[in-house]
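2 protein chains.
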Amino acid sequence: MEYRLSQFVAQIKPVSTAWLAKAKERLDSLTKPPGSLGRLEELAARYVCMREELLPTLGKKRVVVFAADHGVVAEGVSAFPQEVTYQMIYNFLRGGAGINVLARHVGAEVEVVDIGVNHDFEPDIGLISRKVAYGTRNLAQQEAMSREDAARAVWVGVERAQEAVAQGVDALAAGDMGIGNTTAAAALGAVFTERPVAAVTGRGTGIDDPALRRKIGVINRALSLHRPEPNDPLGVLASVGGLEIAGIAGLILGAAAAGRPLLLDGLIATAGALVAARLAPAVTDYLIAAHRSVEPGHQIMLDSLGLSPLLNLQMRLGEGTGAVLGLGLLEAGLKIYREMATFADAGVASK
Amino acid sequence: MEYRLSQFVAQIKPVSTAWLAKAKERLDSLTKPPGSLGRLEELAARYVCMREELLPTLGKKRVVVFAADHGVVAEGVSAFPQEVTYQMIYNFLRGGAGINVLARHVGAEVEVVDIGVNHDFEPDIGLISRKVAYGTRNLAQQEAMSREDAARAVWVGVERAQEAVAQGVDALAAGDMGIGNTTAAAALGAVFTERPVAAVTGRGTGIDDPALRRKIGVINRALSLHRPEPNDPLGVLASVGGLEIAGIAGLILGAAAAGRPLLLDGLIATAGALVAARLAPAVTDYLIAAHRSVEPGHQIMLDSLGLSPLLNLQMRLGEGTGAVLGLGLLEAGLKIYREMATFADAGVASK
Chain A
1 MEYRLSQFVA QIKPVSTAWL AKAKERLDSL TKPPGSLGRL EELAARYVCM
51 REELLPTLGK KRVVVFAADH GVVAEGVSAF PQEVTYQMIY NFLRGGAGIN
101 VLARHVGAEV EVVDIGVNHD FEPDIGLISR KVAYGTRNLA QQEAMSREDA
151 ARAVWVGVER AQEAVAQGVD ALAAGDMGIG NTTAAAALGA VFTERPVAAV
201 TGRGTGIDDP ALRRKIGVIN RALSLHRPEP NDPLGVLASV GGLEIAGIAG
251 LILGAAAAGR PLLLDGLIAT AGALVAARLA PAVTDYLIAA HRSVEPGHQI
301 MLDSLGLSPL LNLQMRLGEG TGAVLGLGLL EAGLKIYREM ATFADAGVAS
351 K
Chain B
1 MEYRLSQFVA QIKPVSTAWL AKAKERLDSL TKPPGSLGRL EELAARYVCM
51 REELLPTLGK KRVVVFAADH GVVAEGVSAF PQEVTYQMIY NFLRGGAGIN
101 VLARHVGAEV EVVDIGVNHD FEPDIGLISR KVAYGTRNLA QQEAMSREDA
151 ARAVWVGVER AQEAVAQGVD ALAAGDMGIG NTTAAAALGA VFTERPVAAV
201 TGRGTGIDDP ALRRKIGVIN RALSLHRPEP NDPLGVLASV GGLEIAGIAG
251 LILGAAAAGR PLLLDGLIAT AGALVAARLA PAVTDYLIAA HRSVEPGHQI
301 MLDSLGLSPL LNLQMRLGEG TGAVLGLGLL EAGLKIYREM ATFADAGVAS
351 K
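Here the protein sequences come in this chain order: A and B.
Residue numbers for the first sequence follow the numbering used here, beginning at 1 and rising by one.
Residue numbers for the second sequence follow the numbering used here, beginning at 1 and rising by one.
Since the hints were made in silico from the structure, they are not lab data.
None of the hints are false.
Heads up, the list lumps identical chains together, so a pair's fine if it works in one copy or across two of them.
For lysine to aspartate or glutamate, the following DMTMM-like pairs were computed, each having C-alpha atoms within a straight-line distance of at most 20 Å:
{"id": "1", "residue 1": "351", "residue 2": "208"}
{"id": "2", "residue 1": "335", "residue 2": "42"}
{"id": "3", "residue 1": "24", "residue 2": "345"}
{"id": "4", "residue 1": "351", "residue 2": "83"}
{"id": "5", "residue 1": "351", "residue 2": "209"}
{"id": "6", "residue 1": "24", "residue 2": "339"}
One chain only, chain A, in its complex shape (with noise of 0.2 Å):
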């Protein structure tokens, strides 16, 4: 799988460059002062450069949510049990997340995969299941999971960008849930951005102080067993990952594989996207950074990733919230670059 894995993300290649100018000089042809609606203006750029078309369309969006138990939570790291996790995907299959009522404001679609939840799920809930195992391991104490597993849950990623595309999905966004992974993602920031564990761990779901430096201490212990090696992502991935977070890797590989753009959430969904640019930089192109979450360390790792998030509304739930907002303004500047008169359509005077 690891070779199939790396065979795959050899063809990502960086967007196409050649469309930038095409683009702004449509944008500057609308009826508003050149680059005025800012970032907006800048996501329609970029999507028409992932597309590589004068003027794309943008159909159907859909927010991937990857859920997985992590064997961390043992070590007291979470302000919520465990249980949690497979009580959220009833509540995400029902429609009553928060994620289901983002993703219908902005009118995409919500698909749930289980990709490592300690729990059987009845079949026929509308579940994708895709489960590499039943959570990972206590990361404090032996390895999260194999590095087998680290790549075939990747791959589950990859397959479910790939599966969106062949359904017809322009834009994708990454989701989470999972009791316990913030730990696992902060490990995975500290190690790929090389800063000290307290400066990108934070409360997660609302954790107290001293479950805050218990946390801190969990992943400082954990680094130090397993030495992970920023150069070799798989290996990290495997000692210090998370099932969802591996997904979410895999989802980012493959929206940019096929051109296609990724809203990336908070802390999670970040942490992937480190993984994924370690396998392939070219992934940065594709990536949107959604948010920036309350969470400290999410910042630090955007930054490493070379990416401004869009929104800053002070939100740390994660399921793709944050992302779907994205999904919208992305919508929204394409409609823009779309939709507007032109000064010599409207027969309004230039500058």
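Got chain A sorted already, so can you dock chain B onto it with the hints?
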């Protein structure tokens, strides 16, 4: 008219904070860590307080775009010629401007009001004709408008809010069109925030350095000539304001009096808010700062109102384009509040 206005503003009350605890209780019962949807939760709670209902609906949304001309364009303070104001009105009415595209995106209606355009429009073209004058006079040389006209223009805005509410509009946004209006808005900003003109004056539609210096000089001259007194908001408006800014001030007063939220746009709308807040300080309870404009004076003006912008997308178009994106976020917040499942309903374990 001034007496009528003073009687009207006396009825504007601060929002009832009694509803805040009730809104927060519901928000914390929803399947998410408490507070994890950040400013979306804040928007929902503020809306509940404004509506004084536990489960208010948010149906129709409307942006009111006030258009007017400015005599000060004779000083060479704008990158575009004056006729763009009326030409853009035709663009608005045909649906081809930025505000039309973004209003459609968020599902908001667009109302265009001629409150002072230097052009005679044909009847029955879908324009709300409330022309107070054919633009203002050159504020560098004389009072921009009479005190009576300033009061009349504010009243036009009050009536637009009242009519919107009568037509079932639940949330309003303020927009503007008027070549030269960043000069008037910066002058108002300097007076009400008591900051130097150079600190609150920017490039508007995109003037170069010599024109920017000229613009700052023009505003300084006007302030020396008129010596406007910040505690006389109508007098300030008359001496250095604009008719569309007056209309926006009125729209804000009307929205606040009816208990409806008003989404501010950029520099122009916020100048209107400064006027409105001097007439009735409680209006700030009903104001939502949708975005932070590139114009340097905007954040200074928002700070003086105690408002924190939701978005920072490097926009500077005006027309209400930032404000309608804010309407979309307000609606997202209210949907979270109304549509998410509770921990009890979803069978999810809480903290």
